[in-house]
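For the protein sequence lines, the chains are R and D, in the order given.
All residue numbers for the first sequence refer to my numbering, where the first residue is 1 and numbers rise by one.
All residue numbers for the second sequence refer to my numbering, where the first residue is 1 and numbers rise by one.
Hints were generated in silico from the structure; no laboratory data involved.
There is no bait here: all hints are sound.
What the simulated footprint calls covered on chain R by chain D, stretch by stretch (three residues with Cβ under 8 Å from a Cβ of chain D suffice, anywhere in the stretch; the number is not a length):
| # | stretch |
| --- | --- |
| 1 | 107 to 121 |
| 2 | 231 to 245 |
| 3 | 255 to 262 |
Listed below are several chain D residues computed to face chain R (Cβ distance under 8 Å; list not exhaustive):
| # | residue |
| --- | --- |
| 4 | G71 |
| 5 | V141 |
| 6 | L145 |
| 7 | P148 |
Quick reminder that beta carbons are idealized off the backbone N, C-alpha and C, glycines included.
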Amino acid sequence: MMYEFKVSDLAEEFGVHRNTIRNWINAGTLSAKEGPGRKYLMKFHDYQKLCEKFGREPHVGPANNVSPKALGALEVTDVAPMEINGLKSQIALDPAWADSCMTCGTCASACPISGVDGLDPRKIVRMAVLGMDEELVASNWPWKCTMCGKCEESCPANIQIIALMRKIRGLRKRALVPGPIHKGVSMCLERGNNLGIPKDDFVFLCEDLGQELAEDCCPGFKTPIDVHGARVLVTVNSKEPFGEPDDMKWWWKIFYAAGESFTISSENWEGVNWGLFSGDDEAMKTVVGRIVDNMRRLNCKVLLLPE
Amino acid sequence: MSVFDLLLEYIKEGKIQLNKEVHKMAVAYHDPCNYGRKSLKAFGQAYFEEGREITKACCDDFRELYPNRKGAYCCGAGGGAWAMPFSAERVFYGRIKARQISESGAQLVIAPCHNCRDQLMKSLNKEYDLNIEVKYIWELVADSLIMPNKQ
Ligand code: SF4
Ligand code: SF4
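Turn these sequences into a full structure, and let the hints guide you.
Below is the structure:
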């Protein structure tokens with residue numbers, strides 16, 4: 001807790017001259033720092049020690065930001081004051097948030113996971129404007145938040161809470177990103193899909209499933225891989241060829257019934273862009289760029305990304 | 001094009017025929033954050049009505065979950081949370097969605113998103129004893145199709 005004072009008041013309190021107080025401060029006898037509004041700040045504990053040394057009763061009240069209750073319980077409740085480093089926060093996307101967020105807490109009451117392990121969007125916004133970047137990047141809050149936007153939707157000040165969460169995620173060291181999402185991103189950059197499924201396996205699987213579908217309900221169906229000039233290019237969610245291959249047939253069945261001309265690319269067919277979640281803009285751009293390349297290469301008109 | 005635009009195109013232009021007899025149960029539609037609220041913010045356009053229109057083209061007994069559309073609750077697995085190592089938090093998060101579903105009386109819930117579908121079907125359904133079926137919106141359409149006679 002900090003004790004706020006004016007040099008003149010402290011001088012009067014201790015019966016010394018203003019210059020004496022200033023000299024004590026300059027010499028470090030009194031460790032105080034300049035604060036806003038020609039006032040000084042020192043640790044409340046130091047103030048108490050000063051009083052003890054000169055046999056005075058501590059003066060506390062609203063004027064020096066200290067509650068009278070603090071007096072007795074000082075030793076137990078004295079929280080180390082936080083120093084704000086004055087560096088510009090990389091996380092607070094707009095410095096005006098310091099004022100525009102009125103700490104009303106509407107966001108926190110809208111958030112389904114607020115209160116779990118101290119997660120609280122209002123607190124996160126405040127920590128960001130205070131420049132507590134390190135603490136935020138180290139915390140798991142932004143990863144437990146689903147970036148659902150309930151908070152932002154309800155915020156009367158239109159604070160960009162989702163963008164803030166994503167920014168914090170993006171600043172985490174890549175190796176420390178929780179779960180498989182960053183591994184998926186690296187795998188996708190390296191091998192074209194999040195699970196590293198090889199091209200031959202993928203093509204074989206698709207053709208096989210196509211045959212099953214043809215026998216089952218779509219006579220004559222053949223899975224169209226790399227068909228130039230098809231109208232629709234469809235991306236695939238890698239969990240399907242990996243673990244739920246039959247789920248790919250629903251779309252194919254609809255296309256068949258609708259008489260649609262569609263195709264799947266044999267490479268870079270991944271539709272899941274985990275860069276969105278890991279906060280990795282560069283990776284996201286690369287993955288999107290590849291889909292655009294596929295559109296051009298296969299000369300398709302419509303892109304369908306069934307995510 | 002989004003899944004909604006394409007499916008609606010097929011339905012409206014009569015390219016596909018749907019049989020409502022297949023899904024006679026009570027059906028609820030879940031608004032995914034990314035196609036609704038967040039799409040509105042990022043692209044100025046949200047898909048709220050389209051998913052409902054498609055669902056209603058497949059089923060007669062349509063139920064809403066409240067609140068919905070812009071104010072809808074997330075399934076709890078968004079933002080990659082389905083894949084994160086914080087499953088206790090994820091299940092706790094989903095308690096609101098689970099309550100909404102059981103209050104609606106729906107036996108089938110339609111999810112137009114992979115994440116939501118997995119959370120609803122593989123997690124919440126079991127955790128909260130919902131006894132529901134969960135389908136992707138394209139799965140619902142595919143299962144309702146009246147197949148044309150082609151050889
Ligand atoms: S709802 Fe908006 S203004 Fe209110 S505390 Fe949250 S971020 Fe700040
Ligand atoms: S975006 Fe995150 S903080 Fe905001 S309501 Fe959703 S889960 Fe809570």
